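Number of protein chains: 2
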Amino acid sequence: MEPFRVHILGCGSALPTLRHFSAMQVVELRGKQMMVDCGEGAQIQLRRHHVRFTRLNQVFISHQHGDHCLGLVGMVSSFGLLDRTAPLHIYGPAPLGEWLRRSLQLFCPHLSYELCWHDVDPTQHQVIYEDRSLTVETLPLCHTVPACGFLFREKPTQPHIRPEMLRFYDIPLSQVYNIKAGKDMVTSEGEVIPATRLTTPADPPRSYAYCSDTCYQPHLHQLLQGVSTLYHEATYGEDRVGNARKYKHSTALQAASVARDAHVGKLLLGHYSQRYEDETVLLDEARSVFPNTFLTQEMQTIDV
Amino acid sequence: MEPFRVHILGCGSALPTLRHFSAMQVVELRGKQMMVDCGEGAQIQLRRHHVRFTRLNQVFISHQHGDHCLGLVGMVSSFGLLDRTAPLHIYGPAPLGEWLRRSLQLFCPHLSYELCWHDVDPTQHQVIYEDRSLTVETLPLCHTVPACGFLFREKPTQPHIRPEMLRFYDIPLSQVYNIKAGKDMVTSEGEVIPATRLTTPADPPRSYAYCSDTCYQPHLHQLLQGVSTLYHEATYGEDRVGNARKYKHSTALQAASVARDAHVGKLLLGHYSQRYEDETVLLDEARSVFPNTFLTQEMQTIDV
Numbered sequence: 043m044e045p046f047r048v049h050i051l052g053c054g055s056a057l058p059t060l061r062h063f064s065a066m067q068v069v070e071l072r073g074k075q076m077m078v079d080c081g082e083g084a085q086i087q088l089r090r091h092h093v094r095f096t097r098l099n100q101v102f103i104s105h106q107h108g109d110h111c112l113g114l115v116g117m118v119s120s121f122g123l124l125d126r127t128a129p130l131h132i133y134g135p136a137p138l139g140e141w142l143r144r145s146l147q148l149f150c151p152h153l154s155y156e157l158c159w160h161d162v163d164p165t166q167h168q169v170i171y172e173d174r175s176l177t178v179e180t181l182p183l184c185h186t187v188p189a190c191g192f193l194f195r196e197k198p199t200q201p202h203i204r205p206e207m208l209r210f211y212d213i214p215l216s217q218v219y220n221i222k223a224g225k226d227m228v229t230s231e232g233e234v235i236p237a238t239r240l241t242t243p244a245d246p247p248r249s250y251a252y253c254s255d256t257c258y259q260p261h262l263h264q265l266l267q268g269v270s271t272l273y274h275e276a277t278y279g280e281d282r283v284g285n286a287r288k289y290k291h292s293t294a295l296q297a298a299s300v301a302r303d304a305h306v307g308k309l310l311l312g313h314y315s316q317r318y319e320d321e322t323v324l325l326d327e328a329r330s331v332f333p334n335t336f337l338t339q340e341m342q343t344i345d346v
Numbered sequence: 043m044e045p046f047r048v049h050i051l052g053c054g055s056a057l058p059t060l061r062h063f064s065a066m067q068v069v070e071l072r073g074k075q076m077m078v079d080c081g082e083g084a085q086i087q088l089r090r091h092h093v094r095f096t097r098l099n100q101v102f103i104s105h106q107h108g109d110h111c112l113g114l115v116g117m118v119s120s121f122g123l124l125d126r127t128a129p130l131h132i133y134g135p136a137p138l139g140e141w142l143r144r145s146l147q148l149f150c151p152h153l154s155y156e157l158c159w160h161d162v163d164p165t166q167h168q169v170i171y172e173d174r175s176l177t178v179e180t181l182p183l184c185h186t187v188p189a190c191g192f193l194f195r196e197k198p199t200q201p202h203i204r205p206e207m208l209r210f211y212d213i214p215l216s217q218v219y220n221i222k223a224g225k226d227m228v229t230s231e232g233e234v235i236p237a238t239r240l241t242t243p244a245d246p247p248r249s250y251a252y253c254s255d256t257c258y259q260p261h262l263h264q265l266l267q268g269v270s271t272l273y274h275e276a277t278y279g280e281d282r283v284g285n286a287r288k289y290k291h292s293t294a295l296q297a298a299s300v301a302r303d304a305h306v307g308k309l310l311l312g313h314y315s316q317r318y319e320d321e322t323v324l325l326d327e328a329r330s331v332f333p334n335t336f337l338t339q340e341m342q343t344i345d346v
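From first to last, the protein sequence lines are chains A and B. Taking the working numbering, the leading residue of the first sequence gets 43, the next gets one more, and so forth. Taking the working numbering, the leading residue of the second sequence gets 43, the next gets one more, and so forth.
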């Protein structure tokens, strides 16, 4: 199975600390690397995670709070200083695009490559990106400014060839493409062999949802049914459920409720308030509702 | 003697790496802490250096290149999130002030404190800041955009009282203020004691000059005569003197020539190109011209 991974570049919240960088991740599937949010220090964290700058072609920004996007200008500038030529596509809220355009006019008016900004309407649930390997959908969230999450869905893959069956029926390797596409084969003796006998089923498509920042949304699970891995912000514990309500963030328990109701494979927590010296309390609260929960940390790489 | 120190928060150049953050320093004198340049990740580096955010009241920005100022928005925002109340004064080129104003409108429209922007004309040599302890002068530099350095001059301090002489002449302690101010004393027997006999001379005022970014300026030394410590950019070695000319930076040897001609106390090098894995070559070249030269490194604190 091709790797489908998430690199955690930062999992802190508004106030970066010595323990956590601001929000940023890199989603990796079939050699493609896509960034999700881009907090201050992104270019440093990309280097630390050995993400090759030239393999990063898409950036998705959830909302226009500084801790989710202040690394953009530095990263975009540095790509230019390194003579990048491939276009860089950034998806985010319109006001942020305008700010980025003005910032680049000031800081690097002559980029070596094309920067393609794509306005995202965070109130809509829609596919905003598609290629041969995956689609990316927006997930409307509820925060103090318009915000959306992103759902990375791997496209269905083809069934696996059973080489021993090809040999048994003496079917040439040149037919692999057709068999994978579901075409039945006819042997030299005229026997029809169904494609399903020559293959094992394709791996089920995997999916990764990133939901940050948001208050608890009881209906969010409807958009997340069965996703393989859900990253959901868990800024606070139950001790600060009032803060969560006030600042439109979630508690770990609320994140776990979404995971449980969506029947996801596993839940990743992040966006921790700097108030928690040790996030184990968040993990324990979440696991009481959804056992297959994990804390994220910088420098982690997680299989979806 | 009151400490007069420089904390090196970052000494890399345009491309931050895992070895060096972008340009940023904190100058500390008599409990005051002033920032010079503010590269990406400034708020992280301030924490790492245990600089108390509330003691930082002035920021001086040399020019509007991203590696010297991209940490501003994050730092200013975080100060707000921490409910700062004291005004923060930032001195820098006018276009940067406009950009910062717009950025804050987007990212934190409701700051808890007053942000006071002061336009600096980098083409002028003038005092732009003064308090009881020091003055800050601009030093016109020559770079691809308007740029200036900053010269921090400690104000003359008062002479030191010789307690044994006060006892000898039976002069009351209540006169210390007058003696330090140079007033001669008269003993109960009518003898006039010159203030100079009751004191030892004040420490010579110290000074710190920050010059980055700039091409080699043969006349710069005239503004730097006798400064205690000079930080001068040394982006390249002599192997890349052509790059220095092309991008309007300096070589280590050129930095040392300025230091030698200005008769400074010591020279600090920084703003290293990421091309140098080991900056010893820069140090060696500089020392061939000005022996009292040192490399700066992140996490260093240097006495001026």
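It is worth saying that the hints were derived from the structure and are not from the lab. A quick note: this is a predicted structure, and the numbers were derived from the prediction, not measured. There could be a bad hint or two in this list.
[As the list claims (entries may be wrong)] Label pairs and their in silico Cβ distance ranges:
id, chain 1, residue 1, chain 2, residue 2, range
1, A, T96, B, E280, 44 to 50 Å
2, B, T165, A, Q147, 20 to 26 Å
3, A, D320, B, Q217, 55 to 61 Å
4, A, T165, B, T165, 32 to 38 Å
5, B, R317, A, V187, 25 to 31 Å
6, B, E280, A, E156, 51 to 57 Å
7, A, H160, B, Q147, 32 to 38 Å
8, B, H131, A, T186, 24 to 30 Å
9, B, R94, A, N99, 40 to 46 Å
10, B, Q147, A, V218, 56 to 62 Å
11, B, S216, A, L60, 28 to 34 Å
12, B, R94, A, Q339, 24 to 30 Å
13, A, T186, B, V323, 49 to 55 Å
[Unchecked claim] If you want the footprint, here are the derived chain B segments under chain A, 3+ residues with CB under 8 Å:
id, segment
14, 55 to 62
15, 73 to 86
16, 172 to 185
Positions of the beta carbon are idealized from the N, C-alpha and C atoms, including for glycine.
Hints, verified against the model:
| no. | hint | verdict |
| --- | --- | --- |
| 1 | A:T96 / B:E280: 44 to 50 Å | violated, 31 Å |
| 2 | B:T165 / A:Q147: 20 to 26 Å | holds, 22 Å |
| 3 | A:D320 / B:Q217: 55 to 61 Å | holds, 58 Å |
| 4 | A:T165 / B:T165: 32 to 38 Å | violated, 49 Å |
| 5 | B:R317 / A:V187: 25 to 31 Å | violated, 41 Å |
| 6 | B:E280 / A:E156: 51 to 57 Å | violated, 37 Å |
| 7 | A:H160 / B:Q147: 32 to 38 Å | violated, 23 Å |
| 8 | B:H131 / A:T186: 24 to 30 Å | holds, 29 Å |
| 9 | B:R94 / A:N99: 40 to 46 Å | holds, 42 Å |
| 10 | B:Q147 / A:V218: 56 to 62 Å | holds, 58 Å |
| 11 | B:S216 / A:L60: 28 to 34 Å | violated, 49 Å |
| 12 | B:R94 / A:Q339: 24 to 30 Å | holds, 27 Å |
| 13 | A:T186 / B:V323: 49 to 55 Å | holds, 51 Å |
| 14 | 55 to 62 | holds (count 5) |
| 15 | 73 to 86 | holds (count 4) |
| 16 | 172 to 185 | violated (count 0) |
In terms of the numbered hints stated before, the structure departs from hints 1, 4, 5, 6, 7, 11, 16, listed from lowest to highest.
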